[in-house]
Structures are given as structure tokens and as C-alpha cells.
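*Asks:* This is what each chain is made of:
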Amino acid sequence: MFVDTVIEDKSLHKPAFLLGLSITVLAFFFAFNFTNTIFGEFLSPVIGNPQESGFFGRLVVSFVLSIIFVLNLLLISFARLKIQIFIVWIELFFLFLAFAYSFDLELAYIFIGEPSKIWLMISKGLFTTIYISAVSIAIATAIAIVGAIAKLSNNGFAYAIASFYTSLFRGLPLLLQIYLIYMGLPQLGFMIDAIPSGIAALSLCYGAYMTEIFRAGIQSIPKGQWEASRALGFKFGLILRKIILPQSIPIIVPPTGNQFIAMLKDSSLVSVLGIWELMFMAKKIGSKDFNNLEMLLTAAMIYWALTIILEMIQARIERKYQQKA
Amino acid sequence: MNTKAKNENPVISLDGVSKWYGDFQALKDINLEINLKEKIVICGPSGSGKSTLIRCLNRLEAHQEGKIHVSGVELHETMKDVDIVRRDIGMVFQNFNLFPHLTVLENCMAGPNWVRGIDKKEAEKRAVAMLEQVKIPEQADKYPDQLSGGQQQRVAIARSLCMEPKVMLFDEPTSALDPEMVSEVLDTMVELANSGMTMICVTHEMGFARQVADRIIFMADGEIVEQNTPDEFFNNPKSDRTKTFLDQILI
Ligand SMILES: Nc1ncnc2c1ncn2[C@@H]1O[C@H](COP(=O)(O)OP(=O)(O)OP(=O)(O)O)[C@@H](O)[C@H]1O
Ligand SMILES: [Mg+2]
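So the sequences go chain by chain: A and B.
Going by the working numbering, the first sequence runs without a break in its numbering and finishes at 325.
Going by the working numbering, the second sequence runs without a break in its numbering and finishes at 251.
Chain B extracted, bound-state conformation:
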């Protein structure tokens, strides 16, 4: 009964979504529902449309066909309040995209202070708390380029969390990192997952997927080829493309 009620109210739903870049169709008729507190991992070969898909969820990209609803609000081009939807969706990028002219603390205070209208003191308190959560409170007064890649990515996570989002999107958050820094970022994400955050992660870190994902979505050529629980996905892949992909990635 409980699950059914949830399914009727997914936090994000895509209904026949297609997207083109010029003549090239990057997303083909995507149907997907994501519930509150669900952890989704999206994987697939390069160019399969993973980034495009999650960038459509906060409308960094526009889709041309179908419907996307976030918390019941439909995303479309004449929508005036897209900024309000965006405040509820945190996003972490491959290249961190921290604001280099602001300190770590200021990076984290910017959102709450400038767009949520929270006063500076309160925003700072929240920023410090989030920096503690990602375990780098001591870096608060440094500038981003004084930090290692792993630290920068954790700041980026803290910056998003300061907006108290309902959903967090991750686009290959560890791909730009040196190998020894990957785990510190993944640990942070696992903790976040355990705290009950709704997460949609594009990643090829299959250990992470196994550990936290409720569902793994495999994409190829702009389509969702297969989605399943981690156990089923890894042990019993249905399509040939998934098998090939897993063979390549799990060597």
C-alpha cells in the first residue's frame, strides 16, 4: 500500500521524452519515474545520452517532446519559475564548477543567501554544517584552486546541499579525479545516500552502484535499454548490449 502511494507521486517523472541536437536525436522516448529517497545509477557507453538525460531534469537542456514533471511541476519552455524548481534540485558536475573568485565558505553561502534570502549568519551556519558533513570544515577560508580535486568535489556537494535540495543529480562526479581521490568522494556520496537523499548518479563506479543503488539504468543510443536492481543487473543482464558493456567495464 505504501509503495503504491509513492508510485502515484513520483518526485520526478518522464513521459515519452525525446530530445534532439539539430538533426541528431540524443534522447528517444524516455519513460521513467523516480520516487522520493530512491537512488538511481545511470550508466552506458559514451555518447549514449546520460548527461543529456539528467541535464533535462533541471532544464539545463530543453527537451522537445514528452513531459517532465519535477515535484508535480511540469518543465517547459515558457515556464517562468524554472529557478524555483532548480533550487530543489542539486547538481554536481564532472568538473566541479566551483566559483573560483569566492572562498569555499562563500561558495556554500551564495545559494542560500542570494536566492533563498537567508541572512548571512544563518547561511554561514548552514555552510559550516555542510562542510563538516563532507569532512572539510578546515578548508572553509581557502579558494577552490587551493584544494585538491577530491576536496573541490566535496565542496561542490556541500554547496548543493546548502540549498536543502529534494533531489541530487551527479554527472560523473569522480571521472575528473585522480584515482586516489575517487574514494573520498564516493564515501561522501554513500553517506548522503544513507541519510535518505534522493539521488540520480551518472557514474561508472560499479562498486558504488552495487552498494547504494535501488535501480540501475543502462542507456545506449539515447534509449533506456534496461533497468533493474543491482543484483539482477550484474548477475543476470538481459540484453546483449548490457552484457557487452558489463564485460568491458568489469574487467
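This is chain A alone, in the form it adopts within the complex:
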């Protein structure tokens, strides 16, 4: 993207905008009434008992909140871009924590027990999740390459099979595919375990999406590259391997990274087959002791951490290919 070299005035530094923003924010805080939250308690020296503070308390709380909010924005606006991004991230993260804290959780719960619950989640649940996702990603990538070639070929069978496949597996909800594979295949006489069914469903579903990504990536390479290769006497496989795919990788990587991330989280759906992955364990352990939210939140944090790692890897690969281009 091109960033213009002409710097515009920050709208935050225009008095009219600032005033309008403050009023809007004040109205927001007032409308949603934060008097009965931690903020009201915090301001009890001024407004007395929050429950009985009435209109006055509500006004004071929303006023203080909006001042904090607007001042915060204003201060951040003076920082450099990197610092701005960093501060906003931290603040949003703390807001998220505050949100979780408001559930009144018993956080110690996840650390007790022998072995501790969090360790169980990581050693067994996380391991299974990663195992299932990694295998599915590898298979889906292989399917995608074959599917893309089939869709681009002028072989009627190949095209028909590939387009039927992508249509079907993009058209059914993943959860339904998981059930169909797990319960349908045994009807045909194939006994299939839970984990292989889960992997099959994830691979087939994401293979279908990735087929389209790979097809678009291959098609985006100019026709002249094929012609020059053909004119040199290269055969189809060689052209694809050495000329076309290397050039489509920078185009394929970003959407494929998104698919990997989506698949990692969708692997939670295989919990319906009783596979001991993160989601299943979170529900199982939590419901036993009526600490559902603690365990779900733990699982949420683990998923999030995993996707952050994947995003970092994706950014790294993208940067590598950008430099070369």
C-alpha cells in the first residue's frame, strides 16, 4: 500500500471533533450505566453508595469515565506509531481481562489438582489439537494442489470430480461433515476411529477451500510464463513445479495462512466425536466441578496464543517473499 507523504491534521487535535467525541462518549457511558460496576465502587467516596446514588452517581461515573477515555486517546495520539500500537494492544488486553474478571472466576481452580488442570490441557489437549491440525493441514495442502490442477485441466473427469468435490465440501457445514464421515463410513463397511474421521473431515473441508486459493494463485500468473516455458520445451509438471508455483507462492501464502488459523480453531469441532483435544477437555474437566468458564477461558487463551504464533510465522514468510519480489 502507498502511504501518502502529505500528513493530514489529526482529527483528534481539532477542537470541534474532540468536543463531539467527548459528548458521544459521555452519552454512551451514561446510557449503559456503569454505576453498579467496579467503577462505581471506585468512585464511592464521591457518590456514596453506588446503588443509591441515582442520577447524580450515574452522571459522575459516566463523566469520569469519558474524561479518562478521551484523555487516554489524546495522550496516545502524541506517541509514535509503534508505541501507539503497543499501548492500544495492552489496553485492549487489560479490558479483555477485566471482562473475564467480571465473571467472578475462581482462577486458582485451573492450577490445582495433581496433575494440575492447566497441565492436563496443555500436555494432552493442546498436543492432540496440534497433532490433528498439523496432519489435516498437510493433507489439505496436498489435496489443494491436486484439486487446483484438476480444476485447471481440460480433462473432463478431473474437472468434474474436482468441482463436485469443492462444491460439496464448501457447501456443507463442517460439523455436519464430521458427523457424516464418522457415522456414514461405517455404514459402507469402513470402520473408522474418531481421530481419523476428524482429520478426514478437516482435511477434506479445508482442502476444498484451499483448492480455490491455489487455483486462483496459479491462474494469476501471466499466460506468457506458460508460453515461454512451452516454447523452451518444458513439460506440464516441470512448468508447474519450477515456474508457476514458485511465482504463485507469494499470492497463495496470505490466504492459506488464514485457512491454517481457521482450521486450528475449527479443530475444536471434532470434540463432538469425543476426541481429547482442547475443547473437549475444557468442557469435560470444567463441567465435572461446575467450573465451566474457567476451563473454557483457559482453552480460549491457548487457542489465541496458538493463532498468534501462526500469524507471526505467516508474517515472516510473507516478508521473505516480499523481499525477493
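Note that these hints are calculated values from the structure, not bench results.
Do not take every clue at face value.
Simulated crosslink set (DSS-like; lysine-lysine; CA at most 27 Å straight-line) [stated by the list, open to error]:
| no. | chain 1 | residue 1 | chain 2 | residue 2 |
| --- | --- | --- | --- | --- |
| 1 | B | K120 | A | K235 |
| 2 | B | K166 | A | K223 |
| 3 | A | K242 | B | K142 |
| 4 | B | K121 | A | K235 |
| 5 | A | K242 | A | K320 |
| 6 | A | K151 | A | K235 |
| 7 | A | K82 | A | K14 |
| 8 | B | K166 | A | K242 |
| 9 | B | K80 | A | K242 |
| 10 | A | K235 | B | K67 |
| 11 | B | K166 | B | K125 |
| 12 | A | K151 | B | K80 |
| 13 | B | K120 | B | K166 |
| 14 | B | K80 | B | K166 |
| 15 | A | K223 | B | K80 |
| 16 | A | K283 | A | K265 |
| 17 | B | K238 | B | K28 |
| 18 | A | K151 | A | K223 |
| 19 | B | K125 | A | K235 |
| 20 | B | K80 | B | K67 |
| 21 | B | K37 | B | K67 |
| 22 | A | K223 | A | K320 |
| 23 | A | K223 | B | K28 |
| 24 | A | K284 | A | K265 |
| 25 | A | K265 | A | K288 |
| 26 | B | K142 | A | K320 |
| 27 | B | K166 | B | K135 |
| 28 | B | K166 | A | K235 |
| 29 | B | K125 | B | K142 |
| 30 | B | K166 | B | K37 |
| 31 | A | K242 | B | K120 |
| 32 | B | K121 | A | K242 |
| 33 | A | K223 | A | K235 |
| 34 | B | K135 | B | K120 |
| 35 | A | K223 | B | K142 |
| 36 | B | K135 | B | K121 |
| 37 | A | K242 | A | K151 |
| 38 | B | K121 | B | K80 |
| 39 | A | K235 | B | K80 |
| 40 | B | K125 | A | K242 |
Position chain B with the ligands against the provided structure of chain A, taking the given hints into account.
*Replies:* Relative to the frame of chain A, chain B with the ligands by itself:
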């Protein structure tokens, strides 16, 4: 006697070739023989079928009627070894079509190494020699987009030459170039012509045609309207269409 023997064995021959794009007939009953070491220039108005004609010669396009022979091998749709014929015919495109993810040297080594099975060392030696021939050995380790258009086109010529082709096809090799770069590419082509290469060039560079062509072919509406030696072609054009075309192009 010598010429007669050659004529019996043209390196490329077209016999009543016609081609359609859907309902549109792009080539109409083309008859043509090209001998080893001959230099042919093809010209004609836009849409007259010049590109279509030379793209049929290495079967980047398929013809529907008539016969095309290259080195005695007939090109047809069920032919399995079209790749083997293509190795003997180099082609240079208007838009260069270099492989952008490979260095200049790798572009030149790809053909010999991947399809002729020549080992890397030997392929590199050959690539360096060809880059010297087109006078850009110092650019060997750059990527195509780091070069000027004229340099890229010379790399494209070197890439084709590395396959040691019998025939070179050029489809408007200088049309995409800035004016000041046209001559460096034409010089390279003149040198190639002087070295005895068989060349078929679609071009509107009439200076080049005068200098190297043995025969100039004028096409219009998918037909060969006129073919002659440069002298006759420029000084004594026979058909009215040729005259009009020359008037337009030689202002
Ligand atoms: N792939 C195609 N599909 C349909 N029609 C085509 C196709 N390629 C070329 N044509 C048509 O065939 C005719 C001949 O095209 P061709 O490219 O051979 O002309 P040309 O003489 O090379 O013209 P130019 O000087 O513009 O390159 C044109 O009328 C063109 O519109
Ligand atoms: Mg053309």
C-alpha cells in the same frame, strides 16, 4: 544444384495451412517454405495473423487444416513429442516473458539443465557464453526486473540460444521497448543473422528488414499477400495493399 537440394529439404514448410478462432479465420491457406539459414521478415497490419502464423510454427497455437513440417516432423494434435520439436525452435516474445523468480543466469540455464539434461556446470558455461554474445555478461546475477527492457529482451534471446535452436522465431521483439533501446536489440539480432541462424521475425523495423532479410512476407487478413526480396519489396511492391502499408510505415 545446391539451392535445389535445399529447397527439397526446407527446415519449415507449410502446406495449405488454415486456422480459425471460433468462427473467425485467422490464417487462410498459407503455403510457405523456409530453408536453413534463411532470414524471413513478416510484416503487415495489426490483426493480419502474423503472430498466429509464427505461433503455429512451434505449436503454441494449433492449426486446423493443412500441414506444417518442422525438420521433417509433422506438427499435429496427437503428437506426443511436440516438446522435442520445440527445443529446436527458439522463440522471443514481445513482452520478453523472462522468469521473474530466477536470476538472468538461471533463466538461461533452465532449458539446457531441465530439459536437455545438461549438467549444471556445462549449462552455466553455455549461459555465460550466450550472455557474452548478447553483451550483458555482467548482469548474470541480477533478477529480470532489475534490468532495462532492452537488456531483458537480450536475456530472452540468450535464453533461447542456450537451447542451441535450429530456428529462431521473433514476435515483434522491439515493440514493447523505449525507442532508445530498440537498436541494442536489433544489433543483437543482426549479429545473430550474420552468424547464420535461421530466423523468422515479425517486425515493423524496416531498416532491419532491408539489412538482413532474404525474403519479406507481407500479410493481410490472414493471407500472404506478397513475398519478395527486400529490394523488390520496397522499390517495386506489386499489390495495392502493400503499397498502402509501405506508405503508412515509411513516412
Ligand atoms: N486467442 C484468440 N482468440 C480469438 N481471436 C484471436 C485470438 N488471437 C488472435 N485472434 C484474432 O486473430 C487475428 C490475428 O491475430 P494476430 O495476433 O495473429 O495478429 P497480428 O498480425 O499479430 O497483429 P498485431 O500486429 O496486432 O500483433 C486478429 O483478428 C485477432 O483478433
Ligand atoms: Mg502480433
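*Asks:* Decide, hint by hint, whether the structure agrees.
*Replies:* Here is what the structure says about each hint:
1. K120(B) to K235(A): holds (19 Å)
2. K166(B) to K223(A): Cα-Cα ~25 Å, so holds.
3. K242(A) to K142(B): Holds - the C-alpha atoms of K142(B) and K242(A) are around 18 Å apart, at most 27 Å.
4. K121(B) to K235(A): Satisfied, since the Cα-Cα distance of roughly 23 Å is no more than 27 Å.
5. K242(A) to K320(A): holds (18 Å)
6. K151(A) to K235(A): holds (18 Å)
7. K82(A) to K14(A): holds (23 Å)
8. K166(B) to K242(A): holds (25 Å)
9. K80(B) to K242(A): holds (22 Å)
10. K235(A) to K67(B): holds (24 Å)
11. K166(B) to K125(B): Between K166(B) and K125(B) the Cα gap is close to 20 Å, so the pair holds against 27 Å.
12. K151(A) to K80(B): Measuring from Cα to Cα gives roughly 23 Å; hence the hint holds.
13. K120(B) to K166(B): Holds, at roughly 22 Å.
14. K80(B) to K166(B): Holds, at about 20 Å.
15. K223(A) to K80(B): holds (22 Å)
16. K283(A) to K265(A): Within the cut-off at roughly 15 Å; holds.
17. K238(B) to K28(B): holds (20 Å)
18. K151(A) to K223(A): The given pair, whose Cα atoms are some 17 Å apart, holds under the 27 Å limit.
19. K125(B) to K235(A): holds (24 Å)
20. K80(B) to K67(B): holds (17 Å)
21. K37(B) to K67(B): holds (22 Å)
22. K223(A) to K320(A): Satisfied, since the Cα-Cα distance of roughly 25 Å is no more than 27 Å.
23. K223(A) to K28(B): holds (26 Å)
24. K284(A) to K265(A): holds (18 Å)
25. K265(A) to K288(A): holds (24 Å)
26. K142(B) to K320(A): Holds. K142(B) to K320(A) sits at ~18 Å (cutoff 27 Å).
27. K166(B) to K135(B): holds (21 Å)
28. K166(B) to K235(A): With a Cα-Cα distance of about 20 Å, the restraint between K166(B) and K235(A) holds, given a limit of 27 Å.
29. K125(B) to K142(B): holds (17 Å)
30. K166(B) to K37(B): holds (9 Å)
31. K242(A) to K120(B): Judged against 27 Å, a Cα distance of about 16 Å means the pair holds.
32. K121(B) to K242(A): This hinted pair holds, its Cα atoms lying about 19 Å apart.
33. K223(A) to K235(A): holds (15 Å)
34. K135(B) to K120(B): holds (22 Å)
35. K223(A) to K142(B): Holds - the C-alpha atoms of K142(B) and K223(A) are around 23 Å apart, at most 27 Å.
36. K135(B) to K121(B): holds (21 Å)
37. K242(A) to K151(A): It holds: about 20 Å lies between the C-alpha atoms, which stays within 27 Å.
38. K121(B) to K80(B): violated (30 Å)
39. K235(A) to K80(B): holds (11 Å)
40. K125(B) to K242(A): Satisfied, since the Cα-Cα distance of roughly 21 Å is no more than 27 Å.
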